[in-house]
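Starting from the structure of chain X, add chain P where the hints point.
The listed protein sequences derive, respectively, from chains X and P. Following my numbering, the numbering of the first sequence begins with 7 at its first residue and continues without gaps. Following my numbering, the numbering of the second sequence begins with 203 at its first residue and continues without gaps.
The hints are simulated quantities; they were obtained by calculation from the structure and are not laboratory data. None of these values were measured; they are calculated from a predicted model. Incorrect hints may have been included.
[What the hints assert, rightly or not] Far from chain X, some chain P residues (derived; all Cβ distances over 12 Å):
{"#": "1", "residue": "Asp275"}
{"#": "2", "residue": "Pro292"}
{"#": "3", "residue": "Arg319"}
{"#": "4", "residue": "Ser332"}
{"#": "5", "residue": "Lys356"}
{"#": "6", "residue": "Asp403"}
{"#": "7", "residue": "Glu408"}
{"#": "8", "residue": "Asp424"}
{"#": "9", "residue": "Arg426"}
{"#": "10", "residue": "Pro484"}
{"#": "11", "residue": "Glu510"}
{"#": "12", "residue": "Ala574"}
[Stated by the list, open to error] Keeping only pairs whose Cα atoms sit at most 30 Å apart, straight-line, the calculated BS3-like set for lysine-lysine is:
{"#": "13", "chain 1": "P", "residue 1": "Lys511", "chain 2": "P", "residue 2": "Lys575"}
{"#": "14", "chain 1": "P", "residue 1": "Lys593", "chain 2": "P", "residue 2": "Lys575"}
{"#": "15", "chain 1": "P", "residue 1": "Lys575", "chain 2": "X", "residue 2": "Lys350"}
{"#": "16", "chain 1": "P", "residue 1": "Lys555", "chain 2": "P", "residue 2": "Lys358"}
{"#": "17", "chain 1": "P", "residue 1": "Lys555", "chain 2": "X", "residue 2": "Lys350"}
{"#": "18", "chain 1": "P", "residue 1": "Lys593", "chain 2": "P", "residue 2": "Lys511"}
No residue lacks a Cβ here, since even glycine has one placed at the ideal position from N, Cα and C.
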Amino acid sequence: MINVCCRAIAQLRACRPIPEPQVRELCYKAREILIEEGNVVSVHAPVTICGDIHGQFHDLMELFRVGGDVPDTNYLFMGDFVDRGFYSLESFLLLLCLKVRYPDRITLIRGNHESRQITTVYGFYDECIRKYGSANVWRYCCEVFDYLALGALVLGATTDVPPAASDNENTQSTLPPEDEEVESEVLNANGDILSKTLRRRFAGLSMMSHHTNSSRISPAPDVDVPSPPDHPASSLPLQSSPSSQSLFTPPTSTTGAVLCVHGGLSPLIETVDKIRLIDRKQEVPHEGAMCDLLWSDPDEIEGWGLSPRGAGFLFGADIVRHFNHNNDLSLVARAHQLVMEGYKEMFDKTIVTVWSAPNYCYRCGNVAAILELGEDGSNGGCIARANGDQGRREPVGTDGSEGGSGVLWNLASPGRRYRVFEAAPQGTRGMPAKKPVGEYFL
Amino acid sequence: MLQVLQIVRDNPTGSQFLMSSSTIPNLNAFRRGQRGRGRGSGRGVGSSHSGAAGLGHGRHRPHDEIIQNTDNDAATSRLSAVEAGYLEDPFARLLSADEDGPVARRLPLMNRGTYLRTASIDRIVDTFLSSTGHGCRQIISLGAGSDTRYFRLKHKRQNLAIVYHEVDFEANTRRKIGRLRSPPFADKAKTLAGVDMHASDVRLSEDGSTLRSSEYNIHPQDLRRLPRDNADLTGVDKDLPTLIISECCLVYLPPEDADAVLRYFSQLFPSTTPLAIVVYEPIRPHDSFGRTMVRNLMSRGIQLQTLEKYAGLAEQQERLKTYGFRGDDGTGSGAEAVDINFIWQRWTPPEEKERVDGLEWMDELEEFVLLAKHYCICWGWRGYGEGSGWKELPSSSPN
Chain X
7 MINVCCRAIA QLRACRPIPE PQVRELCYKA REILIEEGNV VSVHAPVTIC
57 GDIHGQFHDL MELFRVGGDV PDTNYLFMGD FVDRGFYSLE SFLLLLCLKV
107 RYPDRITLIR GNHESRQITT VYGFYDECIR KYGSANVWRY CCEVFDYLAL
157 GALVLGATTD VPPAASDNEN TQSTLPPEDE EVESEVLNAN GDILSKTLRR
207 RFAGLSMMSH HTNSSRISPA PDVDVPSPPD HPASSLPLQS SPSSQSLFTP
257 PTSTTGAVLC VHGGLSPLIE TVDKIRLIDR KQEVPHEGAM CDLLWSDPDE
307 IEGWGLSPRG AGFLFGADIV RHFNHNNDLS LVARAHQLVM EGYKEMFDKT
357 IVTVWSAPNY CYRCGNVAAI LELGEDGSNG GCIARANGDQ GRREPVGTDG
407 SEGGSGVLWN LASPGRRYRV FEAAPQGTRG MPAKKPVGEY FL
Chain P
203 MLQVLQIVRD NPTGSQFLMS SSTIPNLNAF RRGQRGRGRG SGRGVGSSHS
253 GAAGLGHGRH RPHDEIIQNT DNDAATSRLS AVEAGYLEDP FARLLSADED
303 GPVARRLPLM NRGTYLRTAS IDRIVDTFLS STGHGCRQII SLGAGSDTRY
353 FRLKHKRQNL AIVYHEVDFE ANTRRKIGRL RSPPFADKAK TLAGVDMHAS
403 DVRLSEDGST LRSSEYNIHP QDLRRLPRDN ADLTGVDKDL PTLIISECCL
453 VYLPPEDADA VLRYFSQLFP STTPLAIVVY EPIRPHDSFG RTMVRNLMSR
503 GIQLQTLEKY AGLAEQQERL KTYGFRGDDG TGSGAEAVDI NFIWQRWTPP
553 EEKERVDGLE WMDELEEFVL LAKHYCICWG WRGYGEGSGW KELPSSSPN
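So here's chain X without its partners, still in its complex pose:
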């Protein structure tokens, strides 16, 4: 099987479909592996989290170029492998082959497009018919969709921004001075730093404390500190640290777990364990917990709201804050929504959207991103359980900065490195094999 798999991987990497009998065998094998996975897969950091791919095969290759290859890099894909792009088949089958070949180095969870109903509208079905002349391959793939996990829990992520790959000189300079803790940074495809944010310090229990200490406060959590690419990170024009000690220096630098789902939360699910109880091996239902996990979106509202998508819900900052608090999560990572900058942190960095399809549909002009979470090496490789009470906590207020009755002390968010990349250069693409026109109104 390994040999067959390697050959198939090589062929798919060249963006060539594999013959139908091989697809059938691959899908059978993949189901055997996926059935062993729970609804919520445990994944240990370090891990690179990716959002929607949507059949943009050449951009998936670019993703691997930027983020490292499997199995060198541990990947977690949050669904929507198929539809819209011209190479859903090649993209999904390659990811599936990699899953079969390196089951512990790549995790695939289900997106709302991994569905019979959606793929018949948005292109994957047509593509299978076009490339194989029958719906068999589409059917095999849909059977695999039913076995994909619904979420993943990343454990053991560090609060530090993960160490950069050793072959990347540029990122060596990202190591902050000892008294500055980088919470997140954004790199371009070449590894140059575009921006970074420093972790807020909480110098005392008094909610007023940060006013007296404002020079230490990094910018608002959702705002990046601009840093010109040629500017060494260590010389960022930030004041040096006063000697005040954080009362919340953690026992280790471990954070809470990171829940990864395609869409978002559900009003029917208060705990991660509830997700484990779902009978997932079915077509994505039109409503209910499983549907919500794949369809919901965070929004600037309070509580829950109706989704304009016609499935799932909208959920506000308070929902995420309480969900994270109750489940000892430090972050929810999700995909599902096009964001022009490739990633978008919301609600005082309690949730992030990661989008990995650059120039979506060859039209949107957006960049893509992947999110790297580093491994916490400080506790000798012991993985902290998600529902433990270790790790340091940070206040998450209604407005993200002020104290008050709305504050929850949530686990510190993990260090985050975003790598932002653009669509693969034209020369690497084939001719899009799809019906023309109609992408604009003429």
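Below, chain P alone, put in the same frame as chain X:
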């Protein structure tokens, strides 16, 4: 050993694909010369209408022909929106290029965009008709192509007193007139709209590119030449309350020609004649979506020539003010511009939104907003008295 499909990558000579074997049958998508296929990273798009030989030669085709063919695209989009239930248009199928074939299905966001474009212009037309008394009215549709609006109007109100003019390239008018006079369409026009395409007052030019009747007229006219030739469009009545429609038309003209067309009509009608205009076209070429749009269309040979000059809502509004819809006389005249996202948000009644939302499962919300913000509806009016409906159309200050 595997037999594989070999795809020879895009090369500049134009032979894009080569199939070497086929354990995988029916790879229509890769077959060269297939109708409606073979669009590459832009080049050779016109190929869908020029057969196999057209592949790779898109850049050599005259811009005019490519622009004329945008009408096929619009017609296909319209038909898709009709079939999906967004629009009611019994005439769409018979005027589209794929009259007999299966309907090319557009994605839900495209259907919604097509719907909004049509519905918003319909609403402008309704405002025009309801603001202009009960006498005869006149509509002049620029670059009308295969548009069905005249027949839809007559379908809804057979007693509507109207003179309708369509202006387009000769190639398009001839094709359309051929379809209008074909038995299937003529039957439908007669039964549904009470329009007899073979009535005694319907006269065709010898080459079949001009149609005249007491009510419905089709002019083969290159709009760029209209102001220069200073030739009146035969049958246009300068005293009738008139609405001019430019639905993705002026944007394809060189800016000076587009301006000249507006000046021409502005001067053609005396200031006492109620005159209105509606323009639908792309905007905002400077953000990343807009830049990609310009590049993608350019690679298909489609140049949006006035887009740079009239890049935003403010510029669009200013243009209409400049060409006669000044808005300096109270409610008598004015000009407004909104984008299509605004049309969805503010022009579409809640129950209609619910209906449209229910037609298809739309998973392209962010993309739709992005797309919809790059198209605008602009309208202007002049020569109106109190009580016209123009001020009732929701608008916002352009930004």
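query: Would you say Asp403 of chain P is clear of chain X, with no C-beta pair closer than or equal to 12 Å?
result: holds, 34 Å
message: Tell me if the straight-line CA distance from Lys593 of chain P to Lys575 of chain P falls inside 30 Å.
response: holds, 22 Å
field: Status of Ala574 of chain P, Cβ more than 12 Å from any chain X Cβ
entry: violated, 10 Å
message: Tell me if the straight-line CA distance from Lys555 of chain P to Lys350 of chain X falls inside 30 Å.
response: holds, 29 Å
query: Between Lys593 of chain P and Lys511 of chain P, is the straight-line Cα distance small enough, at 30 Å or below?
result: Distance of about 27 Å is within 30 Å: holds.
task: Say whether it holds or is violated: Pro292 of chain P keeps its Cβ farther than 12 Å from all Cβ of chain X.
output: holds, 22 Å
query: With d taken as the least Cβ-Cβ distance between Lys356 of chain P and chain X, does d exceed 12 Å?
result: holds, 25 Å
- prompt: Non-interface claim for Arg426 of chain P: all C-beta distances to chain X beyond 12 Å?
  reply: holds, 19 Å
message: Quick check for students: does the CB of Glu408 of chain P sit more than 12 Å from each CB in chain X?
response: holds, 31 Å
field: Least C-beta distance from Ser332 of chain P to chain X larger than 12 Å
entry: Ser332 of chain P is indeed farther than 12 Å from all Cβ atoms of chain X, at 27 Å.
query: When you check the alpha-carbon spacing of Lys511 of chain P and Lys575 of chain P, does it fall within 30 Å?
result: Satisfied, since the Cα-Cα distance of roughly 17 Å is no more than 30 Å.
query: Taking only the CA atoms, is the gap from Lys555 of chain P to Lys358 of chain P under or equal to 30 Å?
result: The hint holds at about 22 Å.
Checked against the numbered hints above, the structure breaks hints 1, 3, 10 and 12 and satisfies the rest.
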